[in-house]
Amino acid sequence: MSDQEPEIRQAVEEWTAETGGAGEGGGEHPDAETLAAYHTRELPPAAEQRIQDHLLLCRECAGLLLDLEELDDPDFGREIEVPAGTGEALWDGLRQEITRKEPAPPAAAVIPFPSRPRPAPPLWISSLVAALVVAVIGLSVWVASLRRTVGELSRPEVNSTVLDLVPRGIGQREGGEVPAAVVPSGSRMVTLILSPARRGDFQDYEAEIARAAGGAVWRERGLRPNDYGSFSLTLPRRALGTGEHRLRLFGIRNGAREVLGEYALRLAP
Amino acid sequence: MSDADAAIQAIVADLQAGRAVEEGFRLLCERFHRPVYRFFARRGFPEADCFDLTQETFLGIYRGIGSFRRDAPFTTWLFKVATNAYRKRLRLQGAGKRAGYEVPLSSQPEEEDDRPAFQPVAPGPLPEASLLQAERARLLREAVHELPDQMRKCLILNVYHELKMREIGQLLHLSPETVKVHLFQARRRLHKALGPLFASSMPDGGEASS
Numbered sequence: 196m197s198d199q200e201p202e203i204r205q206a207v208e209e210w211t212a213e214t215g216g217a218g219e220g221g222g223e224h225p226d227a228e229t230l231a232a233y234h235t236r237e238l239p240p241a242a243e244q245r246i247q248d249h250l251l252l253c254r255e256c257a258g259l260l261l262d263l264e265e266l267d268d269p270d271f272g273r274e275i276e277v278p279a280g281t282g283e284a285l286w287d288g289l290r291q292e293i294t295r296k297e298p299a300p301p302a303a304a305v306i307p308f309p310s311r312p313r314p315a316p317p318l319w320i321s322s323l324v325a326a327l328v329v330a331v332i333g334l335s336v337w338v339a340s341l342r343r344t345v346g347e348l349s350r351p352e353v354n355s356t357v358l359d360l361v362p363r364g365i366g367q368r369e370g371g372e373v374p375a376a377v378v379p380s381g382s383r384m385v386t387l388i389l390s391p392a393r394r395g396d397f398q399d400y401e402a403e404i405a406r407a408a409g410g411a412v413w414r415e416r417g418l419r420p421n422d423y424g425s426f427s428l429t430l431p432r433r434a435l436g437t438g439e440h441r442l443r444l445f446g447i448r449n450g451a452r453e454v455l456g457e458y459a460l461r462l463a464p
Numbered sequence: 072m073s074d075a076d077a078a079i080q081a082i083v084a085d086l087q088a089g090r091a092v093e094e095g096f097r098l099l100c101e102r103f104h105r106p107v108y109r110f111f112a113r114r115g116f117p118e119a120d121c122f123d124l125t126q127e128t129f130l131g132i133y134r135g136i137g138s139f140r141r142d143a144p145f146t147t148w149l150f151k152v153a154t155n156a157y158r159k160r161l162r163l164q165g166a167g168k169r170a171g172y173e174v175p176l177s178s179q180p181e182e183e184d185d186r187p188a189f190q191p192v193a194p195g196p197l198p199e200a201s202l203l204q205a206e207r208a209r210l211l212r213e214a215v216h217e218l219p220d221q222m223r224k225c226l227i228l229n230v231y232h233e234l235k236m237r238e239i240g241q242l243l244h245l246s247p248e249t250v251k252v253h254l255f256q257a258r259r260r261l262h263k264a265l266g267p268l269f270a271s272s273m274p275d276g277g278e279a280s281s
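Respectively, the protein sequence lines represent chains U and D. When we follow my numbering, the leftmost residue of the first sequence carries the number 196, and every step to the right adds one. When we follow my numbering, the leftmost residue of the second sequence carries the number 72, and every step to the right adds one.
Watch out, some of these pointers could steer you wrong.
SDA-like cross-link-like pairs, simulated, lysine to any residue; straight-line CA separation at most 20 angstroms [unchecked claim]: (1) D/K159 x U/E228; (2) D/K235 x U/Q247; (3) D/K159 x D/R140; (4) D/K263 x U/P201; (5) D/K235 x D/R259; (6) D/K235 x U/E228.
Over the 12 angstroms line for every Cβ pair with chain D, so calculated as not near, a few chain U residues [stated by the list, open to error]: (7) Q205; (8) A212; (9) Q244; (10) Q247; (11) F271; (12) G288; (13) A315; (14) V324; (15) A325; (16) S355; (17) S390; (18) G395; (19) Y400; (20) W413; (21) G417; (22) Y423.
Hints were generated in silico from the structure; no laboratory data involved. In this text, a Cβ means the ideal position worked out from N, Cα and C, and glycines have one as well.
Chain D with its partners taken away, still in its complex shape (with noise of 0.2 angstroms):
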């Protein structure tokens, strides 16, 4: 446990036991502030909401001090009182996803409704072309499913949720060197699948972001 871990710690425990408890919060407030409100401003929250979440975090703190255990971390627990409120405000808002904020009509670019109602059809692909671009798709399809499930997470992560290779580790307990491992061979393995389907030979390895 680090120093500012343990001067947290030694906080919570004051509070718990009715001492100090006005002093106490002002520094849990000044130190974590910042932190919660960013939590809510990166699901999307526009300031007014990010700053009454994170006053109702706070409050939640305050209220369920009690029943805070200190085996472990405070952030952790600071995180789940953070993610009640977040959900409880998506429920009532009656949106369940994230970012989920309407937009109004008005405010759309007013050149879509330049365009002419009847737009040309782009020409595609030949006819060969287009086959030929199916059938990778579905090699690349099945090797993707074919490859061992901690590599295909690590693979998914990195190319559809853009995550780079220590975020990928965090999420799947793994380090940074094991995820990028996973990420060469995975690609490796697809390209192999393909074989002369396709267009270059071997990947560089590197591609995924660190």
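For reference, chain U alone in the conformation it holds in the complex (with noise of 0.2 angstroms):
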């Protein structure tokens, strides 16, 4: 050693306190984290270069980058004699803790098994499922009325209705108004043979019955007119309901509807 070495030394140290501190300073200490991470070399140039600013005024992290420097070297401070048995009494520690088990529950203990919550269904699942029972009802409904009616129509009937009817204003001509054909309300099936009050060359014809009040209850077009030139119907009784009626009976040329007859009807309720 020199003679200046005293001098250098206090020059140091005079200078590290005019600007760091005393020795113990050099501002807050880094992490473990960060000083691991500048031990690593993974930091930053201008963090790097704050760590060795801080180490060159703070002794115990110096220490602490020092000591990780060998804590992987097994005669690590091994001018420091760890007492017999330490690693033996840690080890008992630890297994304490790594064989530590929760209690287990008591043998006896019922445990009821919980049921499942079942999530509520959204809203237009409910109101879809609602809407296609009241449809399956309805069908039902109606399939069941048809079957019946089908049945009823395909019974045989002895002595059905048959109607003769004659146009309005041939009985006026003749001296008095024609009366309403009545349908008797017995019958199932009714048929009406219609006789033109004129004729002439049609491309179609078509019949419409329709209430006294207003409103068709039934029209059909196609008819074909017999070799009497007459043409008749067969239609279910309940198909027409009760009351006065009217049935009109038109010749189709060109597109045009012009009436060939008008009848009245009554069925007897």
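Grab the two chains, each in its own frame, and use the hints to assemble them into the complex.
Structure, rendered in structure tokens:
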């Protein structure tokens, strides 16, 4: 050592005290993560510079870093004697922590099986299901009604009602209004024979039954006259309802309808 | 990676996978309990505290083994856990400084009490010598300030922290040879700054302990 070493030491200490602190300062200590990152050179240059500046003033952090360098060495700190049995005592404590188990539940305890919670279905699904149920019930009723009707219509009827209708105007000419033809209440089917008031060469024919108060209840096109020039219709009685009705026969030519006859019809209740 | 490092990493991998947990921790404890104990002893903790802190460190390792990234050395992670335990203990003790243990007054040497209440002033240097000494100190401080950054850091760590060249190199990420050159150059510049005020002319360059 040269003669000036004490002076250099004093100058360094004074400079250090002036610029940063008295040996333990240098600002807040970097945390363990930062020190380890500095050790493995993972810090950016500016941060590395700050750590170095801190190390100049902080014996503690410098000592920690130097120990980190040697922690992997089995001879690290060999000047310090580790008391005998330290390793075994440490391992005993650690093993207790590792093998510690949670207490088991009492064997006699009966644990009820938890019911699985069911999430409530969305409102739209409930509405859809309700609508489908109503539709199925309605369809069932309708199908049953149709079957009954088909059954009734398929059943042969003895002495079914046949009415030969005379068009209005014909009777007037002979001195009186033609009375309405009456469909009796007991009949299921009624056959109407329509004699037109006038004839002509028409492309098609159509019949229409309407209530006296207005409102058609039945209409059909495609009629064909028989060999006598009259038309026959067979209708279910129930399709017409009850009360006074008016039946008109049309001839169709070039898309225009012409009335060929008008008939009065009364359906008994 | 050395064979020893590879073996440690394999143990850690098994622990993270839940394999041979007890055996793995026993091996880690056997391998590292002495360095960890000494890590705390070097910070001035008494025996009982060193044992507690070492145990706390290994419990931290056990509880946090899943978070350890195996791309880093295990000892670096061990260092972090131990340092956190150390600083936590310091906070709990309310002492933010290293080795800040209280010493009872009764343990002070008795002879101090025998000193006389009045002591005559020791004879100091003559006024001229004091002025010269102050001037030398000022010149030296300025010279320290003028040193290149890396050179000054090496000098401070060597003179102020009394670290060896190898240790300075480790702290500053320099080779010991580079540290040696920096220290030699630093002392030469300080001597040059003082010039004729120095009693002797040149340092020997080897005074730093290595």
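Here is what the structure says about each hint:
Only pairs whose Cα atoms come within 20 angstroms are accepted, and D/K159 paired with U/E228 is accepted, the gap being roughly 14 angstroms. The suggested pairing of D/K235 with U/Q247 holds, with an alpha-carbon distance near 16 angstroms, which does not exceed 20 angstroms. Among the hinted pairs, D/K159 with D/R140 is inconsistent with the structure: their alpha-carbon atoms are about 23 angstroms apart, more than 20 angstroms. Distance restraint check for D/K263 and U/P201: the Cα-Cα separation of roughly 17 angstroms lies within the 20 angstroms cut-off, and the hinted pair is therefore satisfied.
Distance check on the hinted pair: D/K235 and D/R259 sit about 19 angstroms apart at the alpha-carbon level, within 20 angstroms; holds. Straight-line distance between C-alpha atoms of D/K235 and U/E228 comes to about 25 angstroms, which puts the hinted pair past the 20 angstroms bound. Its beta-carbon lying about 7 angstroms from the closest one in chain D, U/Q205 breaks the requirement of being farther than 12 angstroms from that chain. Some Cβ of chain D comes within 12 angstroms of the Cβ of U/A212; the nearest lies about 10 angstroms off, and the non-interface call is violated.
Not every C-beta of chain D lies more than 12 angstroms from that of U/Q244, the closest at about 9 angstroms, which undercuts listing it as non-interface. Non-interface call for U/Q247 relative to chain D: violated, since the shortest CB-CB distance, roughly 6 angstroms, does not exceed 12 angstroms. Non-interface status of U/F271 relative to chain D is broken: a Cβ of that chain comes within 12 angstroms, the nearest being about 5 angstroms off. Non-interface status of U/G288 relative to chain D is broken: a Cβ of that chain comes within 12 angstroms, the nearest being about 5 angstroms off.
Every beta carbon of chain D lies more than 12 angstroms from that of U/A315, the smallest distance being close to 39 angstroms; the non-interface claim holds. U/V324, annotated as away from the interface, keeps every beta carbon of chain D farther than 12 angstroms; the closest lies near 49 angstroms. In this structure U/A325 is separated from chain D by more than 12 angstroms, as the shortest Cβ-Cβ distance comes to about 53 angstroms. Separation of U/S355 from chain D is adequate, the least Cβ-Cβ distance of about 93 angstroms exceeding the 12 angstroms criterion.
Its beta-carbon lying about 104 angstroms from the closest one in chain D, U/S390 satisfies the requirement of being farther than 12 angstroms from that chain. No beta-carbon of chain D comes within 12 angstroms of the beta-carbon of U/G395; the shortest separation is about 103 angstroms. With a minimum CB-CB distance of about 95 angstroms to chain D, U/Y400 clears the 12 angstroms threshold, and the non-interface call stands. Once the 12 angstroms rule is applied to beta carbons, U/W413 is consistent with being away from chain D; the minimum gap is 86 angstroms.
Separation of U/G417 from chain D is adequate, the least Cβ-Cβ distance of about 88 angstroms exceeding the 12 angstroms criterion. Consistency note on U/Y423: stated as away from chain D, and its beta-carbon is indeed over 12 angstroms from all of that chain's, at 105 angstroms minimum.
In this structure, the hints that do not hold are numbers 3, 6, 7, 8, 9, 10, 11, 12, in rising order.
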